[in-house]
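Student: Chains as they are written, first to last, in numbering that gives the first Met the number 0: chain W, 0 to 138; chain F, 0 to 183.
Hints are not guaranteed to be accurate.
No farther apart than 16 angstroms at their CA atoms in a straight line, the calculated lysine to aspartate or glutamate pairs in the EDC-like style are these [unchecked claim]:
#1 W:K35 x W:D107
#2 F:K171 x F:E145
#3 F:K171 x W:E51
#4 F:K171 x F:E137
#5 F:K171 x W:E57
Simulated restraints on C-beta separations [said to hold, decoys possible]:
#6 F:L38 x W:L93: 32 to 42 angstroms
#7 F:G139 x W:E32: 37 to 47 angstroms
#8 W:L82 x F:P175: 21 to 31 angstroms
#9 W:Q37 x F:L149: 25 to 35 angstroms
Read the hints as simulated data drawn from the structure, not as lab findings.
For clarity, every value in this text was computed on a predicted model and none was experimentally measured.
Heads up, the beta-carbon is just placed ideally off N, CA and C, and yes, glycines get one too.
Residue-level listing of the chains:
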Amino acid sequence: MTLSETVMASLVFSLTAAASVHVLDLVSMSVLELEKRQQRSDQLEAGLVSFEGLLRSESHQAVPLEDCSQAAGRLLLVLQSTLPAQGLHRDLSLEPSGEALQLTLTVDGLGQTRHRIYHPAAYGLCPAPSPVEVARATS
Amino acid sequence: MAGHLHRRVGIRGVSPIKGNAEAGFLLPLASLASLVMLLGCLSMQSMTLQNAQRLAALSRLRQAEDSSMSAAQQLVAALQGQHRCLLPLALEQWTTAACISAEQLQALARGEVNSTPYELVGWRPQANATLATEPAAEAGAELLLELRPLDGQQALRSAFAVALQGNPAAVKDLRPLGLRGIAP
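Let the hints inform the model, and build the full structure from the sequences given.
Tutor: Written out as structure tokens, the structure is:
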């Protein structure tokens, strides 16, 4: 065991140890960031599931109105009066046609958004169109 | 003679060959330890990258679920509104149904939502004899949709349960049943 060998061995070991500590630091930061992202993504999913439960429960209680636009407008009013979970941002509006709702859910610190369209007709809230309306729509 | 032998064997009685081996053990040991450390770090980093990829895939899947749900809502609303006569019929029977033309059927079965095209690939109503006689009787139908993303990703199939009620049948509820894998 010579002095030069000892110096070389300690140099190799200390350089690798420093590099490993740096990599481990990066890995632990990435793990923490991924965990946060996962939590926020799950929070977004939970918010969506909760909103759909609310929509379904409101739909079961409501009676069909004269047309889909009225049903969509009433659903919008009822659903807008409920608050989303903490940390969630909910944007609920009518589609340009006025017969469906647009939902956009976002959460702080996550670039991802959830966007869904809901039609009152899919929950039995729109009446059947009259034969005249059908003929007009299909002509 | 004895002194010469003592010098060759070494001060501590170690042979010259063993002494050379001892002299070179530190550098290989340090290199081996460094290699193990580096491999450990790299494997941890690759695990983290895999987790990041898994999270990105989950995010894409949830976006696809959003598009599927919106597409199902759009389709069921169209069925409930203008093509209610098709509700009790299986998709295979729609082409021969008198209440819809070929052009209307094509427009109904294909659409676009959130800039993602979709196609209706299955509509299977459950047979319920009481649906024709009792207004409050309930039946169900399975809706199968295929999303065809424009960004080169594989097409995904998703299924939905549609609750039907009364005669003529009307949609009462729509529930997602989940993704049914990659379209063939």
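Student: All the hints need checking, so say for each whether the structure fits it.
Tutor: Hint check:
1. W:K35 x W:D107: Within the cut-off at roughly 11 angstroms; holds.
2. F:K171 x F:E145: violated, 23 angstroms
3. F:K171 x W:E51: Between K171 (chain F) and E51 (chain W) the Cα gap is close to 15 angstroms, so the pair holds against 16 angstroms.
4. F:K171 x F:E137: holds, 9 angstroms
5. F:K171 x W:E57: holds, 13 angstroms
6. F:L38 x W:L93: 32 to 42 angstroms: violated, 58 angstroms
7. F:G139 x W:E32: 37 to 47 angstroms: The hint (37 to 47 angstroms, Cβ to Cβ) holds, given that G139 (chain F) and E32 (chain W) are roughly 44 angstroms apart.
8. W:L82 x F:P175: 21 to 31 angstroms: Roughly 25 angstroms apart at Cβ, these two residues keep to the hinted range, so it holds.
9. W:Q37 x F:L149: 25 to 35 angstroms: holds, 28 angstroms
The structure fails to meet hints 2, 6 from the earlier list, while all remaining hints are met.
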